[in-house]
Amino acid sequence: MTGNPWGYGKQDGPSVWHKNYPVAEGDRQSPIDIDPHQASHDPSLGPIVLNYDKCTSIKIANNGHSVVVEFEDSDDRSVIQGGPLGNPYRLKQFHFHWGGKDCHGSEHTVAGNSYASELHLVHWNAVKYKTFEEAATAPDGLAVLGIFLETGDDHRWLHTITDVLYTVKFKGSVTDFKGFNPKCLLPSSLHYWTYLGSLTTPPLHESVTWIVVKDPIIVSEKQLSKFRTLVFTGEEEDQRTRMENNFRPPQPLKGRKLISRRVGITWQVYEGAPGRRAAVRDGEGHSVDLRGQLRRTVASLRREKLSRPPCCGPSLSREASTRAWSSHRGVHRFFSSISSIRIISHHQWMDSMGEFTLLLFRADVP
Numbered sequence: 001m002t003g004n005p006w007g008y009g010k011q012d013g014p015s016v017w018h019k020n021y022p023v024a025e026g027d028r029q030s031p032i033d034i035d036p037h038q039a040s041h042d043p044s045l046g047p048i049v050l051n052y053d054k055c056t057s058i059k060i061a062n063n064g065h066s067v068v069v070e071f072e073d074s075d076d077r078s079v080i081q082g083g084p085l086g087n088p089y090r091l092k093q094f095h096f097h098w099g100g101k102d103c104h105g106s107e108h109t110v111a112g113n114s115y116a117s118e119l120h121l122v123h124w125n126a127v128k129y130k131t132f133e134e135a136a137t138a139p140d141g142l143a144v145l146g147i148f149l150e151t152g153d154d155h156r157w158l159h160t161i162t163d164v165l166y167t168v169k170f171k172g173s174v175t176d177f178k179g180f181n182p183k184c185l186l187p188s189s190l191h192y193w194t195y196l197g198s199l200t201t202p203p204l205h206e207s208v209t210w211i212v213v214k215d216p217i218i219v220s221e222k223q224l225s226k227f228r229t230l231v232f233t234g235e236e237e238d239q240r241t242r243m244e245n246n247f248r249p250p251q252p253l254k255g256r257k258l259i260s261r262r263v264g265i266t267w268q269v270y271e272g273a274p275g276r277r278a279a280v281r282d283g284e285g286h287s288v289d290l291r292g293q294l295r296r297t298v299a300s301l302r303r304e305k306l307s308r309p310p311c312c313g314p315s316l317s318r319e320a321s322t323r324a325w326s327s328h329r330g331v332h333r334f335f336s337s338i339s340s341i342r343i344i345s346h347h348q349w350m351d352s353m354g355e356f357t358l359l360l361f362r363a364d365v366p
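Using UniProt numbering, the first residue of the sequence shown is number 1, and each one after it goes up by one.
Be a bit skeptical, because a hint or two may be false.
Dumping the calculated SDA-like pairs for lysine to any residue here, alpha-carbon to alpha-carbon at most 20 Å [stated by the list, open to error]: (1) Lys19 x Pro249; (2) Lys257 x Gly82; (3) Lys183 x Glu70.
It should be emphasised that the hints constitute simulated quantities derived from the structure, not laboratory data. Predicted model only: the values in this text are computed from it and were never measured.
Using the sequences and the hints given, assemble the complete structure.
In structure tokens, the structure reads:
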């Protein structure tokens, strides 16, 4: 798709892409910095629906800019639909962007904060266009699902990819990669932001409906480090440059509308014994990552699935007691101070580990 050489270095990186690709300074360029508080809420915006068939994955390759997993896209076996999309879009490929260190690497940022990496699943509008190449130049031709990666524990399924990266170390390397369903790389909750943007690599076509998922997936530092074993250059080239920092910085929003798909949800939070980690469960039964959704306010909170509390007071309903979650001390103070949150009930009880508090509250997630 590109006719001029480009890369991520000082001489050929994002700061000079406009010389060969003037659209780099266009009105709907990506990525952007997502300010959750500036996003508008569209109540008519529905959930995104993913139907991926593992039989459509074909190969994994090093294209000299990233590692790419490609899919068979001659039919509608693997599609995304719903949300801001008027019809199904076929999955073409997915790829990653990452940094030299785990403190940065994502292309989109949230309130100025970067994630360690970002996964892009690229889809095209096969209803209106005959080929991916044709769709890539049309204003409504592509839909890209963006997933943030944050460091923590090992990801259960990412190893399927990282374990074969050694086979595509060099630019131009290709290996068969069949039977992989990318749905296993997605978080459990698919609340999202959406806006009209562009490809984040040359030719930078302004043809993308972006769907950026709010919750990150958790991957280990060891898993991310394997991406940095790849190189930008071919095996025959004398100078081998490690593949890292392959991301474009945020571009100006230029008046575009950022829309949030959010719902008024009821969350239950348990706080109590020192050392317990925070965890939240929403009204739909999904775990909620507050670091991603209320990042600036409760950045210290982390998810951890826990069993029901050791003891439940008589004031707690059976439903509440079976959906018990724990957090560290001070959570009540955090949530009480947030103007968008309404405390519905506040229950306390004692057990051998100390005092526990159940907060039942309602909030709109930015």
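Hint check:
With a C-alpha separation of about 17 Å, the suggested pair Lys19 and Pro249 falls inside the 20 Å cut-off, and the hint holds. Restraint check for Lys257 and Gly82: satisfied, since their Cα atoms lie roughly 19 Å apart, inside the 20 Å limit. Distance hint between Lys183 and Glu70 is fulfilled; the C-alpha atoms sit about 14 Å from each other, no more than 20 Å.
Hint check: no violations occur; every hint is consistent with the structure.
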